[in-house]
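Peer 1: Listed below, chain by chain, are the residues.
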Amino acid sequence: MLKIKNLHATVDGKEILKGVNLTINAGECHAIMGPNGSGKSTLSYIISGRDGYEISEGEILYEGKDLCALKPEERAAEGVFLAFQYPVEIPGVLNTTFLKEAVNSGRRYRGEEELDALEFIKVLRLKTKELGISDEMLKRAVNVGFSGGEKKRNEILQMAILNPKLAVLDETDSGLDIDALKVVSDGVNQLRSPDKAILVITHYQRLLDHIIPDYVHVLAEGKICRSGGKELASELEKNGYAEYGAAAE
Amino acid sequence: MDKITNLFTEKLAETRKFLPGSNLGWLNLSRDAGIQDFSRSGMPTQRWESWKYTRLPDISKDSFRCIEKQDGEKEVVSVPSLFKLADLEAKLVFVNGFLRSDLSKLEKLSDGVRIGTVVDMLQSDPSFVQKHLPKTSKEKVSPLVSLNAAFWETGIVLHVRPGLKLKKPIEIVHLSGMTNKPLMRHSRNIMIIESGSEATIIEHHGGLSAGKYLTNAVTDIELSNSATMRHYTIQAESRDSVHLATSNVNVGKDGKYHSFGLSMGAALSRCETNLRLIGQGAGCGVSGVYMMRGREHCDNTTVIEHIAANTTSREVFKGVLDDEARGVFQGRIIVHKNAQKTDGYQLSKALLISDGAEMNAKPELEIYADDVKCSHGATTGQLDQVALFYLRSRGIPEALARNLLIQSFLAEALDEVGDLEVRDAMLNHVIHWLPAHCYLADEWKDS
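Chains as they are written, first to last, in my numbering: chain A, 1261 to 1509; chain B, 850 to 1296.
Excised from the complex, chain B in its bound form (with noise of 0.2 Å):
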């Protein structure tokens, strides 16, 4: 063992009693296969392939510490928000790990849906949590998982009912920070939607103050007959910290998947995303935009498997690096042999506004059915010079040209963004994003 898994052994040791379910045999067993599992395994270097452009920094050099009660009890400002509360099905709100019921809104909840804590489900139904937490097993679990697998303290469980479409979005709050020494977070998030049932999730990821902590959360969605999520993300974590993301989807037969991820902050960020269309008719859009400045590091990866004949998948990435800002984009298309009909669509577009900025995009497709289309493209390039010109003859100052082409730039994947209301609250982060936004008027967010 080398010191880094030494370390999360005897932590995991320490701090076990603490930890949520602690009195239970069969998620104590799940702990030690996580732990087992990540000492196999080790932190991922770049040595490995998936990780080949993203370097994870030394944790054992912060002296990074679990969450604590009191961690829940920081002052909140303000909770970011898509929608009005009564416009919501639910709203859950946590500080540091810790569901703050003050801020949340999980009463009058429609019949057939269950949502809450992961650690209240633990109390109130612990084997829906044992029966949905899935089995670590020893070769294709990521380390991040494994990880989380062994330290889970927090996270939400979701459970829609079959034939149960849920009109209004559920916004899912997660802020942090604000703590004397940095967090470790690992949330463990389960969403379950049944047969013919529709759920749509928004969730916000913010700092609560500029400082560090790191966020492992690992979701895991599971999509029956006919289910339909909308899965909406706006990662805007404070400037120094890290924010790892892996979600596991199955979509059953049928089934549709929509996620769109919006990532602005956080020093390093890693959305990993392993998507499985099991069911015949299965389709599912990943997409989302990022916008990185300074030094940050966004890295997107998504795995797509086609199990079964005739599921599509769509998938367009698009970011802006600025500074030495650097992002990563890794998309693997995988069609099994039985996935005839298969319709696979992947774009990633990246631009650079700055000399130093760097980008590394590494399309994958793995076809071992026949009859298949699977098309790709990435592209990295600067801002149309031409374009910049034209404005400019017009009068527009070059500040705001610029800004104008960057917006232009990321309309296209903007647009994958199903909810009309969600895609203008996302397209107003990308206005206040861009440099000097000051010069756009209101009526900006209109086009």
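Chain A with its partners taken away, still in its complex shape (with noise of 0.2 Å):
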């Protein structure tokens, strides 16, 4: 589904990814670990299009199409999601109102039928019930006032609308208590399926223990130096980074 080949990318002249390879299959859930600083959020950004990272070496295909051709939002609507790491609060539009028309901005690109209100909301109830999110949080400006929980709650329930193939979750589990981790995970896990696929970035363990990964990374200055299984995740918990450079910054 996604295949990074030898991806080099520079912030402002300074190359903060140096030479990525991952190939994640439909069904994998994988996830990448790493210090401080080693590139994790840059790749994040890469691949859902934000501007401002210039390419300089590499492709990233998505379904065998040449992904960094394509705008945030044309990626967005071919399955690519992105939970941020720090939501943006959008005082004055609604959430409804802004997952609507993240919705059938989605169908439209797809030449789907736009869903009318009506459909919208029944589609909307199904999952703000699973993810215990309260018709409150969806009348009020999108995560305008909203503690870090209901931010990371209200992008996995974007997420759940959207539906993507493929999902990003940069740093989804900081700032979440215990209980908020779990409905978040669960949310995620729902997504799981033969179809679809998730990348994980993290720099804890712990929402590894919820979200159980295939396959664990470790990027370490602009690079991934070790890839593994699940276990891979324990023995970073327990080490720490120091052998990947981390003592280097």
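Calculated from the structure, these hints are not laboratory results. Note that CB positions come from ideal geometry on N, CA and C, so glycine has one too. Treat the hints loosely; a few may be bogus.
Stated by the list, open to error - Some residues of chain B that are not near chain A, with every Cβ distance over 12 Å (derived):
#1 L873
#2 G891
#3 L931
#4 D936
#5 E956
#6 G1143
#7 L1259
#8 A1260
To be verified - Here are the computed distance ranges between Cβ atoms for each label pair:
#9 B:G1143 to A:K1331: 26 to 32 Å
#10 A:E1372 to B:K901: 31 to 37 Å
#11 A:E1275 to B:Y1217: 40 to 46 Å
#12 A:E1373 to B:G1226: 43 to 49 Å
Using the hints, put the two standalone chains together into the complex.
Peer 2: This is the structure we're talking about:
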């Protein structure tokens, strides 16, 4: 589903990614772990198409297509989703309105019929119930006045409703208490299916106790320097990132 | 005298006998005083501090003429309105300065309210007009007010007797244009809200067609003790027009004046509010939203004087500037020596959505009392790129995402509109102004 080949990327002339190789197949869940500043978030932004990153070498193929040639909204409509580490507050725009527009924008792109208000509410109700999101949270402006946990839950709600093929979760566990962590993980696990893939980016093992990955990779100094099974996460938790150059920072 | 003052002096001599109240001695004297004041000052120029960022067009170049009776007889296809006729206390529709009874509603007024044209009032109760028309004083009057004093030919009078709280709003619609030569219309409005009474006014200014005209409106508002007035304005004049509006407001003890102006038209517009909180406990909210594109220029200038103690003022102005549009905000708050416990708040925020757009903001606080709370903020910025990416990463196309963020930006100012129905109507205008608004479904209106 996703093939990253020898990806080099720079921000403001500084090379952050120095040859990342990663293949994610449908049905798989991968985790990328690594010390701070290793390029984890950069990778997630490049996959979702944020401006300001220059790809100097390499490519990203998504379902065989050159992902970098697509605009962020096109990537989203093609099934790529990024759960933000820091979800953005948008005052004056209701959460429901935002969600509905997001859903229908994707449907328009794919040539599907748009959902009307009633159909949309039906879909929404189902998901909010599962994720324990109150109606009141939907009636508020997007992420405005939300607690850290509410913001992350709102990200998972968006993911559940947009139903992506490839979900990238960027430090989704940061700022979550145990209960919220469970809700968020359950939301992610529900998405798991043979035709979907998940990429979890995290500093800590904590989230991976709930979302159990098939593969764990260590990203350090702009490269994937080690890959393994889920047991690698526990090893990292125990030994830290010192041997991966974190000490050099 | 320079060319322009000459031109107007001649024009007054020429048109004086056609102006309303030409048989009234006091009014002729008042017009004389107006033209004399104007001759002394001349047109404002950018050398004046209060006109630093706004340049008036050279009026002498265009052969503007005064309004004539037949200008009022143009066909009107639609009349802007926020409320059904049945939900209005009164509605006055002016076409090129002339009241169109066929489009207005002036019957069945509540007991104790007088509303009509200032021209009719000159017939029925000239002393009322004489009493409330401010005497021109030589130094402080703006040239536009002097010019208006000399030439005013239309306008409305509203008088709400003490203790009368009008439940329904009053709509005043001014439609202009479609004339053989461009018009220069001077309207003079007098609004007297007596003690303990309450009124809501909604003004619409629009063009009948594309084309030039100039409006120079002066509105004098007196709020007596404990009187309340909500004053909403939608300025959607034609793209080539010039819209100049000056409001002079006095607020008495415990009186409350709330205004909100939505500016979205005219090649050049300037709304100037001079407001005096003269009684203890008086308060005001003077806010607005402006949306400009092309080479449009919009100036919001406010001077708020806290004269008595325990007075409050609040200003929130937000604007969106596209293309090469220019915005100006000049907000002056003067706290007089005796105005202890003043609470003043002022915010100006502009969003530039094109590299060619420009904003000039000039907040000024002059504080002569020692126990006051006054804060102000002025920012000019661009669309938040992180927020834009956030929306796009959810599949929302860039154009629509930009619209959403603009709407989001303006929402804070729109919340200053107390009346929810009016707020929604204004939001609707905002949405329709947005580029490529066709993307937006109906439910945007709810947010």
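Peer 1: A separate judgement is required for each hint: does it hold in the structure or not?
Peer 2: Status of the hints after comparison with the structure:
1. Every beta carbon of chain A lies more than 12 Å from that of B:L873, the smallest distance being close to 51 Å; the non-interface claim holds.
2. Distance check for B:G891 against chain A: the nearest CB is about 44 Å away, which clears 12 Å, and the non-interface claim stands.
3. Against the 12 Å criterion, B:L931 stays outside the reach of chain A, whose nearest CB is about 21 Å from its own CB.
4. Against chain A, the non-interface label of B:D936 holds: every CB pair exceeds 12 Å, the least being about 27 Å.
5. Consistency note on B:E956: stated as away from chain A, and its beta-carbon is indeed over 12 Å from all of that chain's, at 41 Å minimum.
6. Even its closest Cβ contact with chain A, about 25 Å, leaves B:G1143 beyond 12 Å, as expected for a residue assigned away from the interface.
7. With a cut of 12 Å on Cβ distances, B:L1259 falls inside the contact zone with chain A, its closest approach being about 7 Å.
8. The claim that B:A1260 lies off the interface is violated: its Cβ sits roughly 3 Å from the closest Cβ of chain A, which falls inside the 12 Å cut-off.
9. The supplied range of 26 to 32 Å is met by B:G1143 and A:K1331, whose beta-carbon atoms lie about 28 Å from each other.
10. Take A:E1372 and B:K901: their Cβ atoms lie about 55 Å apart, and the range 31 to 37 Å is violated.
11. Distance hint check for A:E1275 and B:Y1217: the Cβ-Cβ separation is about 59 Å, which falls outside the suggested range of 40 to 46 Å.
12. At about 46 Å, the CB distance of A:E1373 to B:G1226 agrees with the hint of 43 to 49 Å.
Checked against the numbered hints listed earlier, the structure breaks hints 7, 8, 10 and 11; every other hint is satisfied.
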